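Asks: Given chain A, work out where chain B should sit, using these hints.
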Amino acid sequence: MSINWFKYSSPATFYPLAGKMIPFFGWLTAILMAGGLYWGFFETPDRLSDQKEYYRIIYIHVGAAWMSMWLYIMMAAWALAGLVLQTRLSFMIAKAIAPTGAIATFLALWTGAFWGETSWGTWWDWDPRMTSELILLFLYMGYMALQSAIDDPRRADRAAALLALVGLVCVPIIFWSINCPDPNECAALHQTSNPGGGNMEPNILIAMLVTALAFWMYSFVAILMRVRNIILERERHTTWVKELLEKNK
Amino acid sequence: MSAISDFFYAGGYGFYLWASYGAAIFLMVGELIAARQQHRTILKRLSRMARMNAAEEDE
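So the sequence lines, in the order shown, correspond to chains A and B. Counting with this note's numbering, you get residues 1 to 249 for the letters of the first sequence. Counting with this note's numbering, you get residues 1001 to 1059 for the letters of the second sequence.
So that you can see chain A by itself, here it is in the shape it has in the complex (with noise of 0.2 angstroms):
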């Protein structure tokens, strides 16, 4: 079967597109958040490892920590799909990622802060990787603030696409804050991340990664959202967009 890529790139087929999955991705994220935090809450230990209840921030701290790295890699991605192929719905997918990915941000550090006050005894620290995460909230902000306030669109895009783009440094940055080769070069605070779970217990993990899939189809729903309010905005003066108002009259 061959889908033509290209017909979905138009805002007019995209629009109603958009609107038929995000059901989809809201009932994944409402099945996928409920059975996470069940098990992550009911079936798991107390304790992990020396950490007490409060770990279980894990459920929130970590789905929103990678979706603030995958997000900003998929704006900018987008961006530059739009800057080099010069479609008009990359750059209405990249605008509408980067609410999601600041929430995404602003969460992870929120939540690390509440977790580093009970388990380091503090709430901030100028460690690398609370750094350049940080530093990532700014770059979603900047990319924001630069889109609005550039009044013609064209320009808008062209200059926060740039700008994502350049701040895509930060991502690896953030992962290599805590993963890096030699340990001691790793003057963090933080925990090294291991994808494989390393000695987690095994219902933890699972939890984990349950409701990190539940933060990923969360964001599909908002973007989803997002992107159809842009389209309807930018299109508002084409034909299927007033065609679309008078059905709906």
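It should be emphasised that the hints constitute simulated quantities derived from the structure, not laboratory data. None of these values were measured; they are calculated from a predicted model. For each residue, glycine too, the CB sits at the ideal point set by N, CA and C. A few of these clues could be false.
[Stated by the list, open to error] What follows is a list of derived Cβ distance ranges for each label pair:
1) A:D151 <-> B:H1039: 18 to 26 angstroms
2) B:F1026 <-> A:L162: 15 to 23 angstroms
3) A:N248 <-> B:E1057: 40 to 48 angstroms
4) B:G1030 <-> A:A34: 13 to 21 angstroms
5) A:K247 <-> B:W1018: 25 to 33 angstroms
6) B:F1026 <-> A:T122: 43 to 51 angstroms
[What the hints assert, rightly or not] SDA-like mimics (lysine to any residue), calculated; alpha carbons at most 20 angstroms apart, straight line:
7) A:K20 <-> A:L244
8) A:K20 <-> B:Q1037
9) A:K247 <-> B:I1004
Replies: What follows is chain B alone, placed relative to chain A:
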């Protein structure tokens, strides 16, 4: 203590745990509500503009 208050007490760490979960629920649910609200506002405004244009053409 009952099972429910035990759950929220979380071994004395309830404040840290629920401050984290509270912020996540507030921001994520809020984001969806805001997007939905914005969608309605845009549709209303565009419909009004379309009606105004139609009225002008009729004159």
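Asks: Given the hint of 25 to 33 angstroms, check if K247 (chain A) and W1018 (chain B) actually sit that far apart at their C-beta atoms.
Replies: The hint (25 to 33 angstroms, Cβ to Cβ) is violated, given that K247 (chain A) and W1018 (chain B) are roughly 45 angstroms apart.
Asks: Decide if the proposed pair is consistent with the structure: K247 (chain A) and I1004 (chain B), CA atoms, cutoff 20 angstroms inclusive.
Replies: 50 angstroms, violated
Asks: Take the C-alpha atoms of K20 (chain A) and Q1037 (chain B), compute the straight-line distance between them, and say whether it is at most 20 angstroms.
Replies: Holds, at roughly 18 angstroms.
Asks: Just to be careful, I want the Cα atoms of K20 (chain A) and L244 (chain A) compared with a cutoff of 20 angstroms; is the pair within it?
Replies: 15 angstroms, holds
Asks: Looking only at beta-carbon atoms, does the pair N248 (chain A), E1057 (chain B) fall within the given range of 40 to 48 angstroms?
Replies: 20 angstroms, violated
Asks: Check the following: the C-beta atoms of G1030 (chain B) and A34 (chain A) are separated by a distance inside 13 to 21 angstroms.
Replies: Holds: the Cβ-Cβ distance is about 19 angstroms, inside 13 to 21 angstroms.
Asks: Verify the CB-CB distance for F1026 (chain B) and T122 (chain A) against the hinted window 43 to 51 angstroms.
Replies: 24 angstroms, violated
Asks: Between the beta carbons of D151 (chain A) and H1039 (chain B), is the distance compatible with 18 to 26 angstroms?
Replies: 23 angstroms, holds
Asks: How does the Cβ-Cβ distance of F1026 (chain B) and L162 (chain A) compare with 15 to 23 angstroms: does it lie in that range?
Replies: 33 angstroms, violated
The earlier numbered hints that this structure contradicts are 2, 3, 5, 6, 9.
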